[in-house]
Amino acid sequence: MGRKPVLGLAALLLAVALMHAAIPYKDPYQYAKEHQTLWGKIGALAHYDVVKTTDPRLCSDGLSNFTCFLSKTDVAPILKALNRTGIKPEAAEVEAKWVLVLDINYTAVPATSYWRNYTVIKARELRWNNQTVRVYQVRMKWSYGELIKAKDRVFEKLLYKDKIGGITSVAPALERIVVTTKNATAERKPDPDAVEKIKKKIKEEYQTLEVEVAYAEFYFASRSGYFDPLEGGIQIYLSSYLPSLYRRVNTSCTLGYTGWLYGTVPVIVTAWHCSYYIWGQSVYVYQPLPLLPKFYIGYSFRPAGCIYKQIDANTIETDCDIMTIPVEGRNIFPGVYRPSLDAFGGWVIGVYGRYDVQWFGELHKAGISTDVTSGPLLWYCTNMNYPFIEGTPYKVTVRCQVVTGMSSAPGDSGSPVYVLTSSTAGGTIRLLYAYGILSGTNLLRMTVLSPLDAYHLYVKYT
1 MGRKPVLGLA ALLLAVALMH AAIPYKDPYQ YAKEHQTLWG KIGALAHYDV
51 VKTTDPRLCS DGLSNFTCFL SKTDVAPILK ALNRTGIKPE AAEVEAKWVL
101 VLDINYTAVP ATSYWRNYTV IKARELRWNN QTVRVYQVRM KWSYGELIKA
151 KDRVFEKLLY KDKIGGITSV APALERIVVT TKNATAERKP DPDAVEKIKK
201 KIKEEYQTLE VEVAYAEFYF ASRSGYFDPL EGGIQIYLSS YLPSLYRRVN
251 TSCTLGYTGW LYGTVPVIVT AWHCSYYIWG QSVYVYQPLP LLPKFYIGYS
301 FRPAGCIYKQ IDANTIETDC DIMTIPVEGR NIFPGVYRPS LDAFGGWVIG
351 VYGRYDVQWF GELHKAGIST DVTSGPLLWY CTNMNYPFIE GTPYKVTVRC
401 QVVTGMSSAP GDSGSPVYVL TSSTAGGTIR LLYAYGILSG TNLLRMTVLS
451 PLDAYHLYVK YT
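According to the UniProt record's numbering, the stretch in the sequence shown is residues 1 to 462, in order.
Some hints could be false.
Unchecked claim - When the alpha-carbon atoms are kept at most 20 Å apart in a straight line, the in silico DMTMM-like pairs for lysine to aspartate or glutamate are as follows:
id: 1; residue 1: Lys80; residue 2: Glu90
id: 2; residue 1: Lys149; residue 2: Glu210
id: 3; residue 1: Lys97; residue 2: Asp74
id: 4; residue 1: Lys200; residue 2: Glu210
id: 5; residue 1: Lys72; residue 2: Glu210
id: 6; residue 1: Lys201; residue 2: Glu175
id: 7; residue 1: Lys80; residue 2: Asp49
id: 8; residue 1: Lys199; residue 2: Glu146
id: 9; residue 1: Lys141; residue 2: Asp103
id: 10; residue 1: Lys97; residue 2: Glu125
id: 11; residue 1: Lys395; residue 2: Asp152
id: 12; residue 1: Lys201; residue 2: Asp152
id: 13; residue 1: Lys201; residue 2: Glu212
id: 14; residue 1: Lys26; residue 2: Glu317
id: 15; residue 1: Lys72; residue 2: Glu93
id: 16; residue 1: Lys182; residue 2: Glu196
id: 17; residue 1: Lys26; residue 2: Asp152
id: 18; residue 1: Lys157; residue 2: Asp319
id: 19; residue 1: Lys88; residue 2: Asp74
id: 20; residue 1: Lys395; residue 2: Asp312
id: 21; residue 1: Lys189; residue 2: Glu212
id: 22; residue 1: Lys141; residue 2: Glu212
id: 23; residue 1: Lys72; residue 2: Asp49
id: 24; residue 1: Lys163; residue 2: Asp193
id: 25; residue 1: Lys182; residue 2: Glu217
id: 26; residue 1: Lys149; residue 2: Glu212
Said to hold, decoys possible - Restraint-style ranges between C-beta atoms, simulated for each label pair:
id: 27; residue 1: Ala111; residue 2: Gln36; range: 25 to 31 Å
id: 28; residue 1: Tyr262; residue 2: Gly165; range: 38 to 44 Å
id: 29; residue 1: Gly62; residue 2: Leu245; range: 55 to 61 Å
id: 30; residue 1: Thr392; residue 2: Leu292; range: 24 to 30 Å
id: 31; residue 1: Lys161; residue 2: Leu291; range: 40 to 46 Å
For the record, the hints were derived by calculation from the structure and aren't laboratory data.
Don't be surprised by glycine CBs; every beta carbon is placed ideally from N, CA and C.
Based on the sequences and whatever the hints tell you, model everything.
Encoded structure:
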């Protein structure tokens, strides 16, 4: 056996072993270091409640819009925490008595945005690496990190302890928690009885937590069937053996990224649910047409998905919907095919962390069904309750998914989600930052994705 196959086998054995560990807690300062932007680093620290701020928000002083954080404290603890990550931003005082912060009313049909006015105690502008962020000290009840913890406890209480039916997601918003349910009226508003029950159960845990209940029914963006590929994405076919069905099941998804697992093993990256999570075995991948030997590109007995834990006999909980499968006998270039309407291909020049994209910042995807679409980032960390896996009694919940306003459709699962730069190479190649893998959508046409920094194995993306 040659050296490369040995490396590949070792990598996959390690990947499978890691998958059964408890969902990891990342070191907050290391997580912040992995982000490339100033707001991304502060957002990463806020995620773990190291700093008592909101997530990165879109704000306005009435004259211009900019990225800001609302904070329970002055800027000193934020600067101290940033210093521990190895950066020292400049801080200058800003004269401000108030600030407008963009928010969304998720209960409206359709959901609508509006500006919230906060009275400012102190304001500072931070500058680092040609990036600027404002921090406004205001009176607020809940920091983002506190809401992350509350979101997880609420999710576990509603789904696992009290087993409230119809819950599709739980997410932190600005100073509150948003719970979505598929129990709705004909007007696509949440059922009043469901709203009352959800709020009553949460109040048993948190007396002062503001809760917003909205309608959103989730479905996978891909399961089975044939979709003619458009130019926006590269179609792949996966053939998985499901022991529960005693047969193989073929699925059609979009190739996300190509790359090198641990920097040595060539792999493709796509959505884990395309091979039925932990239940899919002996997975063959074909591109562009299925089941013909000349189109075979890769195989894994158990694809290296995400770390998960068993909730009960029929339910797993995981932190992402991403998997890698080794590639055999095929070039792994280009990384993204036709990432925009004016480009033929895309080169990945870096990877953005979850909070490197500003709230309401634009994300893009290239999929086989809906081509290239774009939309704003709406939620950084949403716990999703996915439907039963087709043909099995199994359910999956995925923690801390990113939700965007871009459109997607069946077949787009696995699509690369990225941030485009204004730079090109050779005129027809766009340079981009890889960000995530498309997981699914809901009936409100919000697209759900897993950020790449939620995947526990190192991949050098191309």
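Each hint, compared with the structure:
1. Between Lys80 and Glu90 the alpha-carbon distance is near 12 Å, which keeps this suggested pair within the 20 Å criterion.
2. Annotation: proposed proximity of Lys149 to Glu210 holds, straight-line Cα distance about 14 Å (limit 20 Å).
3. Taking the CA atoms of Lys97 and Asp74, the gap is near 15 Å; set against the 20 Å cutoff, the hint holds.
4. Note on Lys200 and Glu210: the hinted pairing holds, with a Cα-Cα distance of about 12 Å set against a maximum of 20 Å.
5. This hinted pair checks out: Lys72 and Glu210 have alpha carbons roughly 17 Å apart, not beyond 20 Å.
6. At most 20 Å may separate the alpha-carbon atoms for a hinted pair to count; Lys201 and Glu175 meet this at roughly 19 Å.
7. The suggested pairing of Lys80 with Asp49 holds, with an alpha-carbon distance near 14 Å, which does not exceed 20 Å.
8. For a cut-off of 20 Å, the pair hint linking Lys199 to Glu146 stands: about 18 Å separates their Cα positions.
9. Distance restraint check for Lys141 and Asp103: the Cα-Cα separation of roughly 16 Å lies within the 20 Å cut-off, and the hinted pair is therefore satisfied.
10. The suggested pairing of Lys97 with Glu125 holds, with an alpha-carbon distance near 14 Å, which does not exceed 20 Å.
11. For the proposed pair Lys395 and Asp152, the alpha carbon gap of about 18 Å is at most 20 Å, so the pair holds.
12. At most 20 Å may separate the alpha-carbon atoms for a hinted pair to count; Lys201 and Asp152 meet this at roughly 14 Å.
13. Annotation: proposed proximity of Lys201 to Glu212 holds, straight-line Cα distance about 13 Å (limit 20 Å).
14. With a C-alpha separation of about 17 Å, the suggested pairing of Lys26 with Glu317 holds against the 20 Å cut-off.
15. Restraint check: the Cα-Cα separation between Lys72 and Glu93 comes to about 17 Å, which is no more than 20 Å; the hinted pair holds.
16. Under the criterion of a C-alpha separation no larger than 20 Å, the hint pairing Lys182 with Glu196 is consistent with the structure, at around 14 Å.
17. At most 20 Å may separate the alpha-carbon atoms for a hinted pair to count; Lys26 and Asp152 meet this at roughly 16 Å.
18. At roughly 18 Å between alpha-carbon atoms, Lys157 and Asp319 fall within 20 Å of each other, so this suggested pair holds.
19. Among the hinted pairs, Lys88 with Asp74 is consistent with the structure: their alpha-carbon atoms are about 16 Å apart, no more than 20 Å.
20. The suggested pairing of Lys395 with Asp312 holds, with an alpha-carbon distance near 10 Å, which does not exceed 20 Å.
21. As the CA atoms of Lys189 and Glu212 are separated by approximately 12 Å, the hinted pair is consistent with the 20 Å bound.
22. The suggested pairing of Lys141 with Glu212 holds, with an alpha-carbon distance near 16 Å, which does not exceed 20 Å.
23. Under the criterion of a C-alpha separation no larger than 20 Å, the hint pairing Lys72 with Asp49 is consistent with the structure, at around 11 Å.
24. For the suggested pair Lys163 and Asp193, the alpha carbons sit about 16 Å apart, so the restraint of at most 20 Å is met.
25. The suggested pairing of Lys182 with Glu217 holds, with an alpha-carbon distance near 5 Å, which does not exceed 20 Å.
26. Note on Lys149 and Glu212: the hinted pairing holds, with a Cα-Cα distance of about 17 Å set against a maximum of 20 Å.
27. Taking the beta carbon of each, Ala111 and Gln36 are about 30 Å apart, inside 25 to 31 Å as hinted.
28. Checked against the hint of 38 to 44 Å, the pair Tyr262 and Gly165 passes, with Cβ atoms roughly 42 Å apart.
29. Remark: the range hint 55 to 61 Å for Gly62 to Leu245 is upheld by a beta-carbon distance near 60 Å.
30. For Thr392 and Leu292, the hinted distance range of 24 to 30 Å is satisfied, since their beta carbons lie about 28 Å from each other.
31. For the hinted restraint 40 to 46 Å between Lys161 and Leu291, the CB-CB distance of approximately 44 Å keeps it satisfied.
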